[in-house]
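A.B. asks: My request is simple: use the sequences and hints to build the entire structure.
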Amino acid sequence: MLEADALSVSYGRHRALDDVSLSVSRGEIVVVLGANGAGKSTLLKALAGLVRPAPGGRIAMDGRDIGGIPAHRVVESGLALVPEGRGVFGAMTVRENLLLGAYPTRARDGEAVRLETVLALFPRLTERMGQAVRTMSGGEQQMVAIGRALMSAPAVLALDEPSLGLSPLMVGELFRALARIRAGGTGILLVEQNARRSLAIADRGLVLEGGRVVGRGAAAELAADPAVQRAYLGAAGKAA
Amino acid sequence: MSAASQPSPAPLLRVEGLRRAFGGLVAVDGLSFTVNPGEIVGLLGPNGSGKTTALNLISGALAPDAGWVVLDGRDVARLPAHRLARLGIGRTFQLVRVLSGLSLEENVVAGLAFGREPAWGAEARHRAAALLEQVGLSGRGTQPAGTLTYGDGKRLELARALALSPRLLLLDEWLAGLNPTELRGGIALIASLRDAGCTVLMVEHVMDAIRALADRCVVMNAGRPIAEGPPAAVLADRAVIAAYLGDDDAGG
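As they're listed, the protein sequences go chains A and B. Take 1 as the starting number for the first sequence in the working numbering and just add one per residue. Take 1 as the starting number for the second sequence in the working numbering and just add one per residue.
None of these hints come from the bench; they were simulated from the model. Glycine included, every Cβ here is placed at the ideal spot set by N, Cα and C. A few of these clues could be false.
[Said to hold, decoys possible] Covered stretches of chain A, going by a simulated chain B footprint (3 or more residues, C-beta under 8 Å): (1) 35-43; (2) 103-114; (3) 137-151; (4) 159-172.
C.D. replies: Listed below in structure tokens is the structure:
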């Protein structure tokens, strides 16, 4: 569904992303691992149309080229991003934030059903529908950001560290929710520092270092790779 | 106020009956706890339980509706944040709030101007360089802060907070979003601050860090404290598991 080929991004003279290729198919979770500064967020921003990739790369949704088109048209093509730092509209209510997510033409039919699905994923939001988002806690705002992206009826959902700020209990619920979203046929591209949990639910993964892909494979293979264990799963692969 | 049987040092921070409502939502409701000099105390709780509001009340970003924030014997509740900075309370933010139009060095120099041991000019730049080195941003003083990654932005915020020479450092999920290698470095850095005499109150969801660092934990739920004690005991508490941890992270 989502295919990116030879993607590069530079900020001034700094090359943040260098010749990265990846694909996400229907009903599949692909996880992107890497240290802070490895280029993970830049990769998601380039896919979502928030930064312009260097010439020569290609991004396509269902075979249609979406490279370099504005972000709102990327959403219309079926790729939605939950950005790092949430990007919610603080002065608006939870309901308004969620309904804005359903603004794309592709998402207008079935809005009510999807709203129910989102509230089933995050029951906490049900009691907070009329509350201004800026008055909510960080973790609750994160739920709004994920819910808003889901409201756009994405074929591929990209999430930039969605577990950030969530309590351990909520992190568990988030990962179960991601598995349910995948079961509904949505492809998921997941940037996460919680490598243990994300590799446990992912189908495939890739490892970024200095903007380049330095490893890729089945999630189970990556989880067993000593280099990945050392870098992303903690000493001896024991720390959660 | 405390009924402890053993003699304990005078607390550096004593929070007593703290309350703050936003409209009909009581975010912090009767919160009391102490932090002793040289301690690292973890402030835990589910999303929306009032942890960040508590930090905002202690750091002067918000005024409480009721209650006391006693720093070293003096009630400082309702003092503005800049006065509290002078008195020795430094903090970082959950979503990084660096001065993005300034360089890394200028961000830290700004902190140095408002701390307990203010510095200007060449001395400030010298100390800023040392602070940037301490948090792992060595040699990057001229870089614009707006270009930092999330993780490096948090490092810069810590350097700016340390520029206040704080007696009490408030960390709001400072270790979130780090991979295990970075996490080990972050834990070592916080431990080194404690060893250098800094007292730390940290909101944190990374349980490995809490187990490694915290002397005690206070767990909040719906604005109220539900458990307090050493990490091992608190994290095995049934109410804490039910409200906060879930079964996956409980115990071990």
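A.B. asks: Do at least three Cβ atoms from the region 159-172 of chain A come closer than 8 Å to Cβ atoms of chain B?
C.D. replies: As far as the region 159-172 of chain A goes, the hint holds, because 10 residues have Cβ atoms under 8 Å from chain B.
A.B. asks: Under 8 Å between beta-carbons, do enough residues of the region 103-114 of chain A, three at least, approach chain B for the coverage claim to hold?
C.D. replies: It is violated, with 0 qualifying residues against the three required.
A.B. asks: Taking 8 Å as the C-beta cutoff, is the stated coverage of the region 35-43 of chain A by chain B satisfied by three or more residues?
C.D. replies: holds (count 4)
A.B. asks: Apply the coverage criterion to the region 137-151 of chain A and chain B: a residue qualifies when its Cβ sits closer than 8 Å to a Cβ of the chain, and three qualifying residues are needed.
C.D. replies: holds (count 6)
Violation of the numbered hints given earlier is confined to hint 2; every other hint is satisfied by the structure.
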